[in-house]
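Chemist: Line by line, the protein sequences give chains A, B and C. The first sequence begins at 1 in full-length UniProt numbering and counts up by one. The second sequence begins at 1 in full-length UniProt numbering and counts up by one. The third sequence begins at 1 in full-length UniProt numbering and counts up by one.
One should not assume that every hint holds.
Here are the simulated DSS-like cross-link-like pairs (lysine-lysine), alpha carbons at most 27 Å apart as the crow flies [said to hold, decoys possible]: (1) C:Lys-2 with A:Lys-2; (2) B:Lys-2 with C:Lys-2; (3) B:Lys-15 with A:Lys-2.
Chain A residues, not near chain B, derived (Cβ > 10 Å throughout) [what the hints assert, rightly or not]: (4) Pro-23; (5) Thr-35; (6) Thr-58; (7) Asp-62; (8) Gln-98.
Since the hints were derived computationally from the structure, they do not count as laboratory data. Even for Gly, the Cβ is constructed at its ideal location relative to N, Cα and C.
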Amino acid sequence: MKQHTHRLTFRTQGKGLVPITQPVLDWVRETGVFTGLLTLWCPHTSCSLTVQENADSTVRADIATFFETLVPEENGRYRHSTEGADDMPAHLRTMLTQSGLSIPIIDSEPALGIWQGLYLFEHRRAPHQREVVLHLFGT
Amino acid sequence: MKQHTHRLTFRTQGKGLVPITQPVLDWVRETGVFTGLLTLWCPHTSCSLTVQENADSTVRADIATFFETLVPEENGRYRHSTEGADDMPAHLRTMLTQSGLSIPIIDSEPALGIWQGLYLFEHRRAPHQREVVLHLFGT
Amino acid sequence: MKQHTHRLTFRTQGKGLVPITQPVLDWVRETGVFTGLLTLWCPHTSCSLTVQENADSTVRADIATFFETLVPEENGRYRHSTEGADDMPAHLRTMLTQSGLSIPIIDSEPALGIWQGLYLFEHRRAPHQREVVLHLFGT
């Protein structure tokens with residue numbers, strides 16, 4: 001049983017889903033692990049991880065609209081507003097999605113379904129440099 | 001340290017919680033692992049995993065009502081509607097719950113609390129064949 | 001590769017976020033693990049785990065207000081009410097956050113970002129005794 005760790009860096013373009021499946025797959029293959037457990041960790045409090053349909057761009061638009069409604073950015077709604085009107089909603093959207101994902105590796109690949117893609121979910125309006133920490137153990 | 005993987009299949013009857021604790025427990029026992037880490041992965045984008053009270057059926061009814069209100073199935077609300085009015089809400093409900101769960105194994109059992117049950121949460125109206133991928137490592 | 005397990009106990013003071021980062025860090029250091037995977041499991045159905053900004057108390061106040069609005073405690077709203085008006089909302093808030101977190105250990109510490117803190121999120125009004133199960137494997 002061996003362990004591997006890595007960090008991926010992504011440049012986000014403001015709010016939205018950034019696909020990260022391919023660089024994650026590439027790294028898993030490089031390690032040579034055939035069976036194991038992959039963990040992704042997002043070390044930020046205003047972006048998160050999610051698993052979502054990997055095909056249709058209207059899905060992404062609906063996700064954006066839904067989260068704007070669920071966690072509104074209204075002025076005066078939050079006490080914590082010194083970092084901008086989008087900061088507190090970003091924290092709440094992070095809580096409602098995932099900071100970490102652990103996925104079995106089978107036959108050298110994460111056991112994702114055919115429609116599943118991995119995404120970094122940026123919740124801030126401004127572009128950001130973001131990291132995802134990867135941990136993999138297996139044989 | 002040994003690794004074990006498995007796939008469980010469930011037939012859902014439309015929207016709702018399907019209890020999966022027992023088949024998961026049975027498989028863990030079969031592996032003979034005493035201490036370890038169990039990971040469940042749901043390889044679908046319109047059903048998910050959740051941990052919930054395992055006793056009271058009114059809890060399940062309230063969960064159903066809550067998610068219908070939180071993520072409504074109104075016609076015209078979503079751009080992504082070609083797969084049916086329940087498809088986009090299913091994606092969103094999946095995002096708000098879990099695609100994966102990792103649970104410590106202690107004394108040959110997942111460290112669930114006395115009231116905790118594991119559930120597959122079907123978000124589509126029609127019955128579906130669903131899989132849960134299991135990964136277990138330990139001693 | 002070695003495994004370690006532990007249980008932490010916390011006394012909550014009614015609803016709100018209880019910081020648990022420090023006792024988790026302390027235990028990880030005691031194990032001597034340098035690289036590995038840490039899993040936290042909350043074996044309850046009316047409190048949960050979350051990762052959140054570790055600095056500003058107004059963030060915590062906004063989180064409290066947000067969840068009161070998202071999952072209201074109105075009388076008559078839920079069928080499951082025998083255990084109190086705060087019980088069914090507690091189950092739903094648990095579903096919308098996390099029962100478990102798995103975090104890579106790098107250089108003897110969880111790979112948390114500089115602003116990330118680990119919290120037990122109590123959803124009941126009354127003080128409770130709560131447990132968090134810890135599992136760590138690594139080298």
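Chemist: Hint by hint, where does the structure go against what was stated? Just the numbers, ascending.
Modeler: 3, 5, 6, 7 and 8
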